[in-house]
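J.: Given these sequences and hints, build the entire structure.
There are 4 protein chains.
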Amino acid sequence: MDRRSMRRRVFDLLERDVPGDRPADVLHFALIAVILVSIVVAVLGTVASLGLRDGWAFAVIEHACLAVFVAEYAVRLWVAPEHPLRRGMPAWQARLAYAVTPFAIIDLLAIMPLAGSLFAGYELHGLLVLRLLRFLKLARYSSGFNALFLAIKRERYALFSCLLILVSGVLTAATLMYLVERDVQPEQFGSIPAAMWWAITTLTTVGYGDVVPVTTLGRVIGGITMVTGLVMLALPIAIIASSFSEVIAQHNFVVTFSMVSRLAPFTDLDAKALGALLPVLHSRSFDRGHMVVRRGEKTGHLYVVLEGYVEVEHPDGVERLGPGGVFGVASGAALEHMVVRAATKAKVLVIEENELHALMAKHPVVVARLSGMVFPKAGEG
Amino acid sequence: MDRRSMRRRVFDLLERDVPGDRPADVLHFALIAVILVSIVVAVLGTVASLGLRDGWAFAVIEHACLAVFVAEYAVRLWVAPEHPLRRGMPAWQARLAYAVTPFAIIDLLAIMPLAGSLFAGYELHGLLVLRLLRFLKLARYSSGFNALFLAIKRERYALFSCLLILVSGVLTAATLMYLVERDVQPEQFGSIPAAMWWAITTLTTVGYGDVVPVTTLGRVIGGITMVTGLVMLALPIAIIASSFSEVIAQHNFVVTFSMVSRLAPFTDLDAKALGALLPVLHSRSFDRGHMVVRRGEKTGHLYVVLEGYVEVEHPDGVERLGPGGVFGVASGAALEHMVVRAATKAKVLVIEENELHALMAKHPVVVARLSGMVFPKAGEG
Amino acid sequence: MDRRSMRRRVFDLLERDVPGDRPADVLHFALIAVILVSIVVAVLGTVASLGLRDGWAFAVIEHACLAVFVAEYAVRLWVAPEHPLRRGMPAWQARLAYAVTPFAIIDLLAIMPLAGSLFAGYELHGLLVLRLLRFLKLARYSSGFNALFLAIKRERYALFSCLLILVSGVLTAATLMYLVERDVQPEQFGSIPAAMWWAITTLTTVGYGDVVPVTTLGRVIGGITMVTGLVMLALPIAIIASSFSEVIAQHNFVVTFSMVSRLAPFTDLDAKALGALLPVLHSRSFDRGHMVVRRGEKTGHLYVVLEGYVEVEHPDGVERLGPGGVFGVASGAALEHMVVRAATKAKVLVIEENELHALMAKHPVVVARLSGMVFPKAGEG
Amino acid sequence: MDRRSMRRRVFDLLERDVPGDRPADVLHFALIAVILVSIVVAVLGTVASLGLRDGWAFAVIEHACLAVFVAEYAVRLWVAPEHPLRRGMPAWQARLAYAVTPFAIIDLLAIMPLAGSLFAGYELHGLLVLRLLRFLKLARYSSGFNALFLAIKRERYALFSCLLILVSGVLTAATLMYLVERDVQPEQFGSIPAAMWWAITTLTTVGYGDVVPVTTLGRVIGGITMVTGLVMLALPIAIIASSFSEVIAQHNFVVTFSMVSRLAPFTDLDAKALGALLPVLHSRSFDRGHMVVRRGEKTGHLYVVLEGYVEVEHPDGVERLGPGGVFGVASGAALEHMVVRAATKAKVLVIEENELHALMAKHPVVVARLSGMVFPKAGEG
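Which chain is which? The protein sequence lines are A, B, C and D, in order. Residue numbers for the first sequence, in the working numbering: -10 to 370. Residue numbers for the second sequence, in the working numbering: -10 to 370. Residue numbers for the third sequence, in the working numbering: -10 to 370. Residue numbers for the fourth sequence, in the working numbering: -10 to 370.
Note that these hints are calculated values from the structure, not bench results.
Copies of the same chain look alike in the list, so a pair counts if it fits in one copy or across any two.
Capping the alpha-carbon separation at 27 Å, the derived lysine-lysine pairs in DSS-like fashion look like this:
#1 K336 x K142
#2 K334 x K351
#3 K261 x K334
T.: Structure, rendered in structure tokens:
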């Protein structure tokens, strides 16, 4: 194997986008295990009574983990030019482009404590947080984090509104309490920022009890604040709950460039067209036997099979489509007489009707190619 | 530019109803910034240890903010006669009518501390709350506040019922605890109002812990109160959550008189007809490419384009409608063979079928005019 | 007016079932006001520092309220034979039947403290709870209480399951904590019932903090308990929330015997047939112009107008139905070509398809009569 | 009655699967009562001040309950070969297979304390937890536990994601607080595990208040943690709530082997085919008169009546199906012109379209037999 194809193989191993790649699975679980061990050691290392910091085992594990992380960072940097989005670039530019992605920065920060301990001869405590940042490395592997991230992203405006409402609630409650209890408890309510500590504690219904109103008027204001807090509780629950459970229910997964660039319809697209395509690709997982398109479902969506097989039942027979297969509308006609079923566990990419329309305006070539591959052809379905 | 048209221009700047008006956007963000600075200064000014109150910078910022608010209040008063609802009135009457609106009162209260410090020579602490009221000035600009306000308004009866249930829960728990723990902890449970402090703390699950039952019977009652508290939590969450997330999902925005009075179908309506129309206009935002009316959607609603463009696809072709364009039912026939799509980011006003019916009875002229402008014509669609 | 018709009039006043009965409205708000005053006085009377109990005003208000309640109880007892369900009975039996209803018992308990203070010469403190029971008298007037009551009743099995799960969670957490912290904090965790106080406080997320684990193992168990508590929170919220918001959304109101027995189709039904009918009558309120039955809505329900007017639009014209009007299915055919709209604010009783079927089996006479009155006739619609 | 048929009868009594079996009902409520008594005694026995442990009544009840549990365990072991899934096995193997089921292990653990007190002469305290495990025995009888269990099982991946997010939130908050408050409160925040106690308390909004930040920066971090906690609250509520209320709404019950093996279509299936069938059988309860299949409902499901009767209305008349009756699709054609109604309170097993498809591939014999019995026949419906 030459150097180029080896780099390609290593990239595939690290990305784990090819389904059923055993070595990639093993590598991933090994990396997850190293991260977990590293975190447990970092947490327990702060317990003075255990005296772990003085033992040699602690130092060995610490340094071994660091070595793995440094190696991982270096390898990821090396294979960066294999990323489909950066294929046209010179190698150094591709690596620089990778180095400024959030994941790469997290990886870099997670190995910073090494530098501290090597060069300064001791470990700065501030670097400890960086060590815990390794937990964020797990986000790369966890569908749960991705679901939460997608849910929060979808509802970011609504959540920002919530925050604004919460801040105004905190400010109002704190000001009133400051005016009422300032003279009675100067220690606790002597300034508005001090009273804000009480207000946030109460509005979120945490209620430590380290600061409580003692006057009658203060308790009336406190009671109103608590009831308002129930409304504050309701707002994010309303927003996050529906969004998160929807994301979870659709078994959305994160669509990456390397997944898409491997599919027949997209292999030779340039980075720009791929960049326009990726945000409009919605992901859906289906278990074996489940319906992708139900009988009589009116839809103008376009579907591309990413993994597994689907069976398209139409009046003229049954067609089996594998990875890269395209089905859906041909030219305005809906799928009305078709049933599509997952023949195996399948992952499917969906371009919704609205976005197909918008994509048509910006990248007619992509849509034209997809339309040319679609099954069934116009006039057939 | 004569004085009249200048007043009109200033009114438009302050209302920011004309889409794409850059100077109006700048003015708005500047006013928001001044409000935020003013609040931060007011909050930090109460922290004695920072000693901000004695510095000259503090006084300068304080007075600059006040000057801006006074100027804003004066200008808003000056341009009040430009408001479409008050166009027929003499100028002094229009200004008086504006001065008693909630927003104008908040603005006035927010500049009251000025009077205190100028004439009395010192600042009354009670006026501090008024300064914090400036936060409410932000409500004018925030869609989050508006969504919460709309959600609470829609469900006000249900929320009032919740409050009644909560009050009865507090009363019952407090009375029982008063009877049980009165003699053991006379300080904490010596009267029903005192016990109510414990009850509200427990029912909202805040649980400060400053007052807790100590007898066995008291703890049994406390446990039952806590479990009841879970139900109390569920009620507002149930009500607010569905209402708030619906308001957020529809991207409702606040429809103002000046928006509506600018649209072709409504330019020459008198204040009374406008006043009847405004509450039945529902607002919807659509991103580019999104469907306003889906294929086969049975609806008797009437739609007026407020901003942006929509494309109405019907059997005879495609029509593009801009601001002021009306589409929907002509005379009882539904939109069954039409598809309406947002050609650009668009804001649309909707009169729902029910309310169209009610409006017909009260203001036949308005409905007749809308019906005359509707697309497609009866017999066409 | 003779005595019989006067008793009838008083009954109608107290029941307030006839829409638009002004004197009945006034009487109701007066009774609500007396209850509220009585509760406020009872609550404030326990605050020793206010010294209300020694003032003559306190005694006067107390006794006036009691007098009103005694009078109300007596009058309700007197008019009891007017209740449609008890019309066939002799007067004494009707009054006895009324006296054992929950509302009558609450009313009786609410006037019990009178007896205590009159005969024993002093007030027993245990009777104070009875005085607070007057708050329950409000339930008669509040739609919020009714909605909560209906929601809880609908989901009583699910809520009981929740309670069982909560109890098992409390037991498990308390036992584990008892074993772990028994020796370290014998005061707090010296027995399982003592540890249960901590467990219920934690599982409901109230968290007073008067009892907290201090050992490492105890804190691990505590952490697991808290996370479990989040699930405990979710269960009743899930159940109550959907049920309560549904009840609220349908504007359900309580259907009473006197309402139903006043309607044309039911005037001469005997108590037994009425008793079978009442539980299957669902209530719905509609604002003016709102749709009772939408175009194309497939339904086999039967509708009876209780209050206000509805307009039934069918292919042959429009029919206006008032109180007592019946519409819906005639004989198996659905309402497919009809639209029914509330012409005024209207209250409608609905018998759902399922229950109509069940009622047919048990009381064919009632269904036959309704079918005879239904609009449109079979063959028409 | 010979020994074999007696064993069969005892098995039926204990399983309580035959509807309307009075003695089985009595036995079940008796066993539930013994469990409850046993738990109450175990809980109260730990209260030293009651001195129950020294009284003879305590010992008598304790030993009587133990005797019942031992007897129950022995009898269940004896009748184990009657279980349909284990019918082919020799008796000893069937009993061993039963002994390793979760329920059998719980039963065994619940009688372990007996051994401790008999042989060691005193009771080990660690065995107390085992005694409380008897509460888990109730799970066998409670539909609430089953609903929660089903809901959690359905959403186990989503809940695991939640847990991961919670753990990362706890770790992040604890690390930051450790860095900030370590020197000020070495007792409370001296190590990350110590700070994690504060973090979990805050993120779950329990808020004991035994550990609180005191520095300004610590309180800012605390405030952010609390707000994040609201999101943490929302996640499990979102997941559990929808899943649990759905399970509750469908009145799902647990389908057991003995239920299924009694039905005509399944009587002579071998254990393996039964084992494949059971997981795809969904359960639904219907009250009398309720619709099992609505008019026009498009479905490819297959239904088997388990208990009660249903009426299938089709164009050629009405058919009444009892236990073992099969209805649904014959060969691809949907139920479009049928209405199925519960003639009595009925329990129905449903095989959903997706799973019927999957079952067909693995066990064609089972599907062929069901298709042969289905009503209406292909060509009829």
